Amino acid sequence: MSQSAKALLAGLRRQIQEISPEDVDKKIGTGVKIIDVREADEFKQGHLPEATFIPRGFLELRIEDAVPDREREVVLYCAGGSRSLFAAHNLQELGYQNVSSMAGGFQRWKEKGFDVVIPETLSESQRKRYLRHLIIPEFGEKGQLKLLKSKVLLIGAGGLGCPAAIYLAAAGVGTIGIVDADVVEESNLQRQILHNAAGTGRPKVDSAKDALLAQNPGINVITYKERITSANAEEILRDYDLVIDGTDNFPTRYLINDACVLLKKPNVYGSVFRFEGQVSLFVPGRGACYRCLYPAPTPSELAPSCQEAGVLGILPGVIGLLQATEAIKWIAGIGEPLIGRLVWYDALRCVTRTYKLRQNPHCSVCGEHPSINTLQDLEWACAV
Amino acid sequence: MAISVLIPTVLRKYTSGTDQVVAHGASVREVLQDLERQFTGFSQNLYEADGELKAFVNIYVNEEDIRFLQDLQTPVQPNDTVTILPAIAGG
Chain H
633 MSQSAKALLA GLRRQIQEIS PEDVDKKIGT GVKIIDVREA DEFKQGHLPE ATFIPRGFLE
693 LRIEDAVPDR EREVVLYCAG GSRSLFAAHN LQELGYQNVS SMAGGFQRWK EKGFDVVIPE
753 TLSESQRKRY LRHLIIPEFG EKGQLKLLKS KVLLIGAGGL GCPAAIYLAA AGVGTIGIVD
813 ADVVEESNLQ RQILHNAAGT GRPKVDSAKD ALLAQNPGIN VITYKERITS ANAEEILRDY
873 DLVIDGTDNF PTRYLINDAC VLLKKPNVYG SVFRFEGQVS LFVPGRGACY RCLYPAPTPS
933 ELAPSCQEAG VLGILPGVIG LLQATEAIKW IAGIGEPLIG RLVWYDALRC VTRTYKLRQN
993 PHCSVCGEHP SINTLQDLEW ACAV
Chain P
40 MAISVLIPTV LRKYTSGTDQ VVAHGASVRE VLQDLERQFT GFSQNLYEAD GELKAFVNIY
100 VNEEDIRFLQ DLQTPVQPND TVTILPAIAG G
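Read top to bottom, the protein sequences are chains H and P.
Plus 632 on top of the position in the first sequence (first one is 1) and you've got my numbering.
Plus 39 on top of the position in the second sequence (first one is 1) and you've got my numbering.
Only chain P is shown next, with the shape it has when bound in the complex (with noise of 0.2 Å):
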């Protein structure tokens, strides 16, 4: 299933500067193996050591936080937008 996934700035290095890529899979989880398949290098600050997200990265399907949907088993479809929103603390 092909989803839109929004890049956020710090992770667009992997992503030769695109804000929007088109990844696979049913869930968050499968995204984010998939965005690891095609842009190497891109989730490797994204997970504790015991496989969790990290407290500071966000990911929303649509505009539901996944921490409060099935964390990174929460299914998505075709048409969902994925955004993986990061702390940004410049003022």
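So that you can see chain H by itself, here it is in the shape it has in the complex (with noise of 0.2 Å):
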């Protein structure tokens, strides 16, 4: 027996509890899930603090991910109140227990003048490319979003640099900086990716930014044709949201660290050496910073730098795409930070071994009375 529309929703209008929307304002923020179950145009012109977007067409499909505890409370809102009966409707006979609908929808949420988020969004070329991102619901269009707007400095764009930076290109990162003095050389082929043989003698960061914009157009990248020193790291490293260390000296790595406690940047730390690499986040006033892992540097006949030791050209890319993990997860918010931890990586057994690592209360220059204020560059003979 059919029976018109007008009657199903007074019908569902018996079964469904309605919640007006100063209570549903008042429960924001309480635990309680708000999803939004109108079409996407409608999503993009505003929403309700903290709602969830899942059009009505994808909410059987999509709501188990959202909400696995069917006891949890959800509240539904579309326009103006009906599409949202049929959709509590839909969540209660899969077996949600605590589902409303909000009296009037989001047309009666503005007339009472409660908040509205507009929400950034994407446009179609970026939906596409960052397809693969969007459908991964813990990362989402909030996280690609984030990637888009953020701002990461690589120093060095050599062996980790390389792998590090054309896969945040490809990810999104909105802006890439690249600090690099050096030109090409044939022997830098063999690990450094970015860089190609026709490219030999060309200055190393106009062969990155050629690579990286042809990987991914839709990015920004400012090249640094510059070695970093005591005299120019907080300029530069001034505007990123992040730094990346894939430099190959004891004395960079020291000015790095420093320039980025003293700035407060997260710095993504890693380092190679033949068959085995190192990786760790050093984020100011969350951990450990490099001279809390190693208080002095190091003289050179114990660790000599790739030129002199030699790297297995594979390694550095196992390394650097560690780095730039933990760049898009710190970016993102997602996971667990390499915040107090030192991943030790062996190549020819395949072992990753973890060590802690703890802020040193008598840290230098980020301990409780620090002695270094100011950047200065370390003396040092780097050539053995």
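Calculated directly from the structure, the hints in this document are not laboratory data.
As the structure is a computational prediction, the values presented were derived from the model and not from experiment.
Built from N, CA and C at the ideal position, the CB exists for glycine as well.
Each hint should be verified, as a subset may be incorrect.
[Unchecked claim] What the simulated footprint calls covered on chain P by chain H, stretch by stretch (three residues with Cβ under 8 Å from a Cβ of chain H suffice, anywhere in the stretch; the number is not a length):
1. 84-95
2. 103-109
3. 112-126
Since each chain sits alone in its own frame, please combine them into the complex, following the hints.
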């Protein structure tokens, strides 16, 4: 027996609890899940704070990811309060026990003057490009927008910087800065994958920029063809959200560390030697820094740079990508950041080991009474 | 007591290229002394003139940095793993 839509709605109003905009406003931030069941073009024009967007057509398919707990309180809303009644009915049939529909919908919410969030959205071409990010529930459009707005500075366009940069570009990090004073040499090509044989003799920053923009024309690449020093470090770092240390020598590592501590920038550390590598994330105020890990510079007879020691070409690829992964996690705010842990990787045995990395209260730059308050270049003879 | 010690790349020239060796001792200091007995020259770059460990060489007992335990006096037990991890700079 068929019934009119009007009669069907009237029936649902008796079965489904309706909730006023005033009561929804009071519930925001108390653990209730608010779901906007309208269409994408409606959602884009404004929605309730903390609302999760699941259009009605996908509700049954996506609700279990969004609300795994069927006893959790769920409030649905649409434009006028009708579609959300149908949607609430469907959720009840799926076993959700505490579902209500906001009376009068978004229209009444706005009329009452409650907060409206206008979402930043991706363009159609961005939506296509980053689709595989967008469909990860923990990442989604929110994570992608964070990446697109972020600014990451890579210091060194070498073995670590190249693989990190190409994946950050591909992932849609909106602004990538690259600092490197060197030119491409033939001996770099065994591992520095942004550069190619035809580019030998070109500045690495130019070669890197071309490769990154070819991969993703939708990002900005800013180049600094200079060495990072105590004179320019603060000026260069200032505008960035995060720094990736991909340098090949101790003095620059200490300088980057000190600059990041003083400017409170997260510093993703990585270094390699023959078949082994190290990775960590130093976040000022949240955990140890490089000087907590290694308080004093290393004499070069025990730790030569790659130039003197050799490195398996693929190794900085592994370590650089671990650095890039930490950068993306940090920016998107997902997962457990590598703060307070040092990961050590041995390619020959294919093992990783994790060591605790504690903040040193006596650290000369991030300790309780730091002796380093301004940047200084270390006097150092790099070559053995 | 037999303690497993992980040898960093730079020190493998003393251990004939071996990356994992067994040493004996009840503390980190004793383990390092035993390594010097087994592999002459092994520890010559590890100490300052005053006998303290150099600040660019980290030693871990299992996953703990001995600077936050009892430095070279840190006791070790069978089944512990001691890791020597000097700073590396390559990129």
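request  = Return the numbers of the hints above that this structure violates; sort them in rising order.
outcome  = none
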